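Asks: The primary structure of each chain is shown beneath.
Number of protein chains: 2
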Amino acid sequence: MTRAIILGGGGFLGRKLAHALAEKGSLAGKPLSRITAADLAAPEDLPAGVEPLALDVTDRAATATALAEEDVVFHLAAVVSGQAEAEFDVGMRVNLDGTVNVLEAARHGGRTPRVVFTSSVAVYGGDVPSPIVDWTALEPQTSYGAQKAAGELLLSDYSRKGFLDGVGLRLPTISIRPGKPNAAASSFMSSIFREPLQGETANCPVGPDYPVWHSSPRTVIRNIVHAAEVDAAALGRFRAFALPGRTDTIGEMIAAMTRVAGPEAEARITWNRDPEIERIVTGWRGDLAPTKAPRLGFVADASFEDNVRYFLEDDVRR
Amino acid sequence: MTRAIILGGGGFLGRKLAHALAEKGSLAGKPLSRITAADLAAPEDLPAGVEPLALDVTDRAATATALAEEDVVFHLAAVVSGQAEAEFDVGMRVNLDGTVNVLEAARHGGRTPRVVFTSSVAVYGGDVPSPIVDWTALEPQTSYGAQKAAGELLLSDYSRKGFLDGVGLRLPTISIRPGKPNAAASSFMSSIFREPLQGETANCPVGPDYPVWHSSPRTVIRNIVHAAEVDAAALGRFRAFALPGRTDTIGEMIAAMTRVAGPEAEARITWNRDPEIERIVTGWRGDLAPTKAPRLGFVADASFEDNVRYFLEDDVRR
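From first to last, the protein sequence lines stand for chains A and B.
Under our numbering, the first residue of the first sequence is numbered 56, with each subsequent residue one higher.
Under our numbering, the first residue of the second sequence is numbered 56, with each subsequent residue one higher.
Each hint should be verified, as a subset may be incorrect.
Copies of the same chain look alike in the list, so a pair counts if it fits in one copy or across any two.
Claimed, not checked - Okay, derived cross-link-like pairs now, DSBU-like style, lysine-lysine, Cα gap no bigger than 35 Å in a straight line:
1) K347 with K216
2) K347 with K79
3) K235 with K216
4) K235 with K347
5) K216 with K79
6) K71 with K347
These are computed hints drawn from the structure, not numbers from a lab.
Just so it is clear, the structure is predicted and the values come from calculations on it, not from any experiment.
The following block holds chain A by itself, in its conformation from the complex (with noise of 0.2 Å):
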């Protein structure tokens, strides 16, 4: 039997690998015996067999009560990259101090937990060659991608001390993220299809030859749900990686819209350029090339029109 716990399971991820476990069941072969979804405000509408809490990884108190009879976590509580840029010491506490307070609950919970955290491309960037390999220095652009990958750091260090059994999984840009816009300077590489793959507007503030290294929510679902059943003895001393994934232009990736749902859809897109947000994602790099991910078994969707469809089946009601 096997118990885990997903922090910020609120947010869009969280509910997806809350439907993805209870719907799966185990995890490396063992029955999962409980699942929690824990946000800032315990999460509503969860699946049958998904207990909601109440958590504030800032309280390191809290964080070790959760936490302490968990034999995985998912540590996906964190605050987005154009919120952390904006409220600078909001993404310290949340995403850096928080982080702490996950590892020393793992470290000191009776279990030696699996711990499974979500970092990002937003860890990439500056003054490095291309394309980006597993080895390439990490050089953030942003406080997020800092935050996080000092996060990685500590995770790796956790690991090698016996502490807990880390697993860090840089996920590509994720499209098309179902709901609604965000403070994620990313959030219109969704909303461009998500919004007029259901009839409504919206703005591309950056041009159409813009490349995203990019992944759907169903295959970073199946990646994260990997991530904590992969061997340990398989990933080798650093702890952290870039996931696989796709790059496209955002020009390419219409296209593949249209080629999926018709040519209305494109036509519902406006283009007005934002200076913010095209100096904070032009920050980040779309060109990735990882090995170690492919070879421990993690996947990249076929195509992006495989992304539209998923989208279409997984998210919108009709």
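Place chain B on chain A using the hints.
Replies: Leaving out everything else, chain B in the frame of chain A:
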């Protein structure tokens, strides 16, 4: 007029830096109106014109007060590698939380100071190809290295945000370090020269083929002072980088000592292996090829023979 403070001013590098600043009398052409040397216990026997201060960098409020009106902050305060490995919580508190306190104090002081942060070659290691270049990923194999690497990320991000003006230097192993053996796993890399050159015995816990990326104290101090003066615009987007150094094996370094000081010293070295020290130091890397630091005017020793001569001139009282 400019004011400078040395955190870790009671350590051997801090003391040498205090002497260098007092002698130089200015930084970047501006006269030094005040030099402070701070450490857990207020340093004694400082050169004329250097003020002692008792300061614990884990005390955020005291650190804020100490840095409120400084133009240049030399942040050398740290728990060394052996201690950070043996006492994990102390290392996290001093090397990570303490560094955040220093960055916050520099941010909220009145002067947007240049912050020179001494990182370490211990940030390198793991499964990265040889040689290590400026854009090689950091995969530290010690808690000390992980904490220093996290500090570098924050230093760069605080600089990017304009909160301070940071320069992070990855120091080579310093040899020949004066004084007594300490808790650093690299301590033997000085003691096998320092003690035999002064008529005493010392043990080498690794074999003679072990390669060391090293620098003399005199050259490291010259580089730390240069870091306070180097043009920020030339630094690029990531503010931490490896200092120049030399790679020699322990055997080559001993041969150089013999060429300078005769054969008696070498005969005083014993060769009893220590598996724990060997485990830590073989996790480090000797194969570095930095290009950024030389381009910025940072320098290396010409030979280990020079290094032995510097030790005899600077640190042996006869």
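Asks: Quick one: which hint numbers does this structure break? Sort them smallest to largest.
Replies: Every hint satisfied by this model.
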